[in-house]
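A.B. asks: Each protein sequence line maps, in turn, to chains A and B. Going left to right, the first sequence walks through residues 12 to 122 as the numbering used here numbers them. Going left to right, the second sequence walks through residues 121 to 232 as the numbering used here numbers them.
Derived by calculation from the structure, the hints in this document are not laboratory data. Honestly, I wouldn't trust all of these hints.
Facing chain A, from chain B, some residues (calculated, C-beta under 8 Å) [stated by the list, open to error]:
| # | residue |
| --- | --- |
| 1 | Gly162 |
| 2 | Leu168 |
| 3 | Leu220 |
Keep in mind that this is a model prediction, so the values were computed, not measured. By construction, the Cβ of each residue, glycine as well, lies at the ideal position given by its N, Cα and C atoms.
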Amino acid sequence: DAGVTQSPTHLIKTRGQQVTLRCSPKSGHDTVSWYQQALGQGPQFIFQYYEEEERQRGNFPDRFSGHQFPNYSSELNVNALLLGDSALYLCASRFDLGGYTFGSGTRLTVV
Amino acid sequence: SQQGEEDPQALSIQEGENATMNCSYKTSINNLQWYRQNSGRGLVHLILIRSNEREKHSGRLRVTLDTSKKSSSLLITASRAADTASYFCATVANQAGTALIFGKGTTLSVSS
Numbered sequence: 012d013a014g015v016t017q018s019p020t021h022l023i024k025t026r027g028q029q030v031t032l033r034c035s036p037k038s039g040h041d042t043v044s045w046y047q048q049a050l051g052q053g054p055q056f057i058f059q060y061y062e063e064e065e066r067q068r069g070n071f072p073d074r075f076s077g078h079q080f081p082n083y084s085s086e087l088n089v090n091a092l093l094l095g096d097s098a099l100y101l102c103a104s105r106f107d108l109g110g111y112t113f114g115s116g117t118r119l120t121v122v
Numbered sequence: 121s122q123q124g125e126e127d128p129q130a131l132s133i134q135e136g137e138n139a140t141m142n143c144s145y146k147t148s149i150n151n152l153q154w155y156r157q158n159s160g161r162g163l164v165h166l167i168l169i170r171s172n173e174r175e176k177h178s179g180r181l182r183v184t185l186d187t188s189k190k191s192s193s194l195l196i197t198a199s200r201a202a203d204t205a206s207y208f209c210a211t212v213a214n215q216a217g218t219a220l221i222f223g224k225g226t227t228l229s230v231s232s
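Required output: the full structure, derived from the provided sequences and hints.
C.D. replies: Dropping the structure here:
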């Protein structure tokens, strides 16, 4: 049973560009959340999707947007990239009110 | 924003010793969860404790929750080198959806 799958694993982008990160949740999981983790910090909540709608959002600007597809997979889009967007982006999924299963993350570097 | 604060920030122990990490949080919670992260990769869920529970065990892990003090502790007994990792507490606040709000973590080093 595959866990949470994220792609790509690493990415280098230039300031001002746009990026799309992808996530396939664990089989049977219908809720997907995205987190940003800067070096040496704890993950920060970006947003959560359930039934293809954004249900909850953290303190991130509108440059961060997302989508959930009918098969529960999800995308995170970041527009107008800034140097400060360099981080590990983590996707997590769950079913019902249990603990979350995390993917291995996408390491984004903005130069 | 960070909800929790873990203490200590870093902990170094020998194999076989016990490791205790503490977490404090700010708001009323539905549940509190502990996660482990190896070398900046994905997080692994360790244990979930609900607000009406005071203690929970899972293998070598023991978690306590004191909602009156808004604090939790994670005890790892008989530590192994493989326990070397960063440990995070994360809370799910009451009436605020189900998002996890993480602390900054405790880095545990277990030497053999």
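A.B. asks: What hint numbers does the structure not satisfy?
C.D. replies: Result: no hint breaks.
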